[in-house]
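Asks: Can you make the complete structure from the sequences, with help from the hints?
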Amino acid sequence: MALQFSTEAEDQFQTIVSRYPNNLAALLPVLMLAQEEFGWISVEVMDYIAERLDVSKSQVFSTATFYTMLNKQPVGKCHIQVCTTFSCALAGGYEMLEYLEEALGIQAGETDPEHNFTISEVECLASCGTAPMFQLTTSDGEIEYFEDLDPDRVDEILEDLNDRLDELPDPRDMH
Amino acid sequence: MPKVTINNEEIEVDDGTTVMEAAAQLGYDIPHFCYHPALSIPANCRMCLVEVEDNPDLQPSCHMPVNDGMEVHTESERVVKARKSVLEFILVNHPVDCPICDQAGECKLQDYYMAYDAQESRLRTEKVDGVKVYPLGPEVVYDGERCILCTRCVRFCEEITETDELTTAQRGDHTEIRTFPGQELDNNYSMCTVDICPVGALTARDFRFKCRVWLMNTTDSVCTGCSQGCNIHLDHFRNEVQRYRPRYNPDVNDYWMCDPGRYTYKEVHQDRLEDPMVGDNVVNWHAATQAYVSTMDEALDTFEPSERAMVLSPQVSCEGLHQARRFADEVLETDRLYMGGKPGGESDDLLMNADKNPNRRGIEYVFGGLEAVDSFESLVDAMEAGEIRVLHMMNKHIPTTDDALRARFVDAVADLDLFVLQAMHRGEMVFPPDHRGDFPAADLDDPTLVELADIALPSSSHAEQDGTFVNEDGIAQPFSQSFKPLYNSQPDWQIFGRLGDEMGHSLSYRRLADLREEMFGDAEDDAKPKTLDDKQSKSRAPADAATQPTPAE
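For the protein sequence lines, the chains are A and B, in the order given.
Going by this note's numbering, the first sequence opens with residue 1, and the numbers climb by one from there.
Going by this note's numbering, the second sequence opens with residue 1, and the numbers climb by one from there.
Hints listed in this document are in silico derivations from the structure and should not be mistaken for laboratory results.
Since the structure is predicted, the reported quantities are computational estimates derived from the model, not experimental observations.
Beta carbons are placed, not taken as given, at the ideal position from N, Cα and C, and that holds for glycine.
Each hint should be verified, as a subset may be incorrect.
Which chain A residues face chain B? A few, computed with CB under 8 angstroms, are given here [to be verified]: (1) V43; (2) R52; (3) S56; (4) Q59; (5) F61; (6) S62; (7) T65; (8) F66; (9) Q135.
Label-pair restraints from in silico Cβ distances [unchecked claim]: (10) P135(B) - F66(A): 18 to 26 angstroms; (11) Q14(A) - W214(B): 57 to 65 angstroms; (12) R171(B) - R19(A): 23 to 31 angstroms; (13) W214(B) - A126(A): 52 to 60 angstroms.
Non-contacting residues of chain A with respect to chain B, defined by C-beta distances greater than 12 angstroms in every case (computed) [claimed, not checked]: (14) F13; (15) V17; (16) W40; (17) N71; (18) A89; (19) A91; (20) P113; (21) E114; (22) V122; (23) I143; (24) E147; (25) P151.
Replies: Following this line, the structure appears as structure tokens:
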């Protein structure tokens, strides 16, 4: 199946490209856009982006593999990125990570079999004043920060997410 | 022009010269990995840090242009200490397994480690394992643990071949050189990445673990793969060519050579005609010469000069061709000369030429133009018409891929009264039959011409003699003997000398130099091929010449 941006994504693509002096500079935001659009960055996606931006495939591959926020494997519908750098670690980031792992039954770096949740342990997300925190990326492209967390708040968030799961597309099926 | 003081020696250099180039002009070799004179300068290895006075930090000399009045120290205590620290970082995850590494002996990392670091790792954590024996393409194998990520190979593919196959993947200590998934490093110059790799990360499939580099001797030579005449280091061990490496020559091939060209070294050893033969009998040179004299004397009496012909080979050195010219003139007394050699092949825009013969221009210069030499097709026509009865053929290449014409030629040869073949190989060697330089069995099993020959004389390859090739641009390039002629072969110029002398004409030379003085005839200088001055082609460069900074002209 040949990949193709949807009409809205195509508009965004054109806007991004017009904003930069050359196509290489637009590569990172375009990859983010592609992840939103296609769920994850597969080899086919890299190939498509290289063709669209007219940069070399190996350059796209290099950039995509460098950045951990670009998923080279499909993640769950909800990707929870838990900060465990200094401020969060001191304020209970690891405890919250363990709590999440227990609640979802998966370890950091893992995805549940239904591809609903993925937990990642990440470095500082610049929210030190409101530690502990995590970032949630959902497969519809929303990125949200959840701050000043405690177990009750995490339960609440997970409950909300469970309600939304049916609306969210499975990244594996997005291209 | 800025004046710069390096280690208390003053030198005036051109604007824009980097500190490293200026230092090279004074003879200081600043250690470096990522810098390569033909590639862009990323300054990522930090090995070339030097101290610049009035500058608080050490500066990468490969990247820093000189300023007027700059004072640089390349060997100060601070610099040496920095080199040691840089090496310690580079070696954090390096296995330091030189004894089992194929690069050992020509490895910059090994050299610098011995010179500046030479200590056990102070890290007590486990090293990160990299990938071993990872094939990047058909010719090149990658070792992730030994790679120092200088990105020379990446830049080579971006800037020289412009094929963009290679890149760095992942990040931090997991970074490795990779191709895009599903792609291979498969261009005509992929093995150049092995040459420029300063460490043992990229090795050539053909050469790896074949021979230790310190056992080999190196001769300055010229590639015989095509008419470009790339300058090469011919590395050999115990009378066997182990590999070709490109030798820097800015007028011909820069630092590079093509992969099919590299594989032509196999021609030196595959399927050689080992001994002189008279009919089906293997004989020594004395007997072969006697047989030649008696049969040729008779043929000269029987047949008119116009019934005798010679096929010239553009595979043979100018020295051999000069003797061929005299032989045709004085002994055969014929002006029926025909062009032999290999048929044309693949070409590209960089170095590879369609003409797979190294010395076609040599024929032009030795014979004062190509007008005197007729095409192979006209030879076949003349033979079929019965106009030619006696043929002396140099090398058994048939310069056509047209099977019908080849068959016609072989049939016509069978009808000749006297057919003398003076050749390197028994079989028909058309290169490259495939990319890896191994010859298909069918070609090796086709010694038809040798069988048809009344007399077959084994000639030597370019590795076994001194000689000159004139490349496509008309540059005469000498090559040197690496080892004595293999088997019972002799250089073409000596064979003609021997036969000519025995036929009663004084054709032989005592010294090759005497022959060389005559070989381009009495032509004016501008009608002779260009010769390069001694700076590149004659110098016996160090093993790693391709990576030395080049002093500005």
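Asks: If a hint holds in the structure, say so; if it does not, say that too.
Replies: For each hint, the structure was consulted:
A hinted interface residue such as V43(A) counts as satisfied when its beta carbon comes closer than 8 angstroms to some beta carbon of chain B; here the least separation is about 5 angstroms, so the hint holds. With its C-beta approaching chain B no nearer than about 15 angstroms, R52(A) sits outside the 8 angstroms limit, and its interface hint is violated. Taking 8 angstroms as the C-beta cut-off, the interface hint given for S56(A) holds, the closest approach to chain B being about 4 angstroms. Proximity of Q59(A) to chain B holds as hinted, the smallest CB-CB distance being about 7 angstroms (cut-off 8 angstroms).
At a threshold of 8 angstroms, the smallest CB-CB gap from F61(A) to chain B is about 5 angstroms, leaving the interface hint in force. Hint status for S62(A) relative to chain B: holds, with the closest Cβ pair at about 4 angstroms, below 8 angstroms. The beta carbon of T65(A) is positioned within 8 angstroms of a beta carbon in chain B (closest approach about 4 angstroms), and the interface hint is therefore held. With its C-beta approaching chain B no nearer than about 5 angstroms, F66(A) sits inside the 8 angstroms limit, and its interface hint holds.
A hinted interface residue such as Q135(A) counts as satisfied when its beta carbon comes closer than 8 angstroms to some beta carbon of chain B; here the least separation is about 20 angstroms, so the hint is violated. Distance hint check: the CB atoms of P135(B) and F66(A) are about 23 angstroms apart, consistent with the given range 18 to 26 angstroms. Checked against the hint of 57 to 65 angstroms, the C-beta distance between Q14(A) and W214(B) comes to roughly 60 angstroms, which is consistent with it. A hinted range of 23 to 31 angstroms holds for the C-beta pair R171(B) and R19(A), which are about 26 angstroms apart.
Look at W214(B) against A126(A): about 55 angstroms separates their beta carbons, and that is inside 52 to 60 angstroms. No beta-carbon of chain B is positioned within 12 angstroms of the beta-carbon of F13(A); the least distance is around 21 angstroms. Distance check for V17(A) against chain B: the nearest CB is about 20 angstroms away, which clears 12 angstroms, and the non-interface claim stands. Even its closest Cβ contact with chain B, about 14 angstroms, leaves W40(A) beyond 12 angstroms, as expected for a residue assigned away from the interface.
No Cβ of chain B comes within 12 angstroms of the Cβ of N71(A); the nearest lies about 14 angstroms off, and the non-interface call holds. The claim that A89(A) lies off the interface holds: its Cβ sits roughly 20 angstroms from the closest Cβ of chain B, which is beyond the 12 angstroms cut-off. With a closest Cβ-Cβ approach of about 27 angstroms to chain B, A91(A) is found to remain outside the 12 angstroms limit, as its non-interface label requires. No beta-carbon of chain B is positioned within 12 angstroms of the beta-carbon of P113(A); the least distance is around 26 angstroms.
At the 12 angstroms boundary, the C-beta of E114(A) stays outside the reach of chain B, the nearest C-beta of that chain being 28 angstroms off. No beta-carbon of chain B is positioned within 12 angstroms of the beta-carbon of V122(A); the least distance is around 14 angstroms. Under the 12 angstroms C-beta cut-off, the non-interface status given to I143(A) relative to chain B holds; the minimum distance is some 22 angstroms. Even its closest Cβ contact with chain B, about 28 angstroms, leaves E147(A) beyond 12 angstroms, as expected for a residue assigned away from the interface.
No Cβ of chain B approaches the Cβ of P151(A) within 12 angstroms, the least distance being about 34 angstroms, so the stated non-interface status holds.
Checked against the numbered hints listed earlier, the structure breaks hints 2 and 9; every other hint is satisfied.
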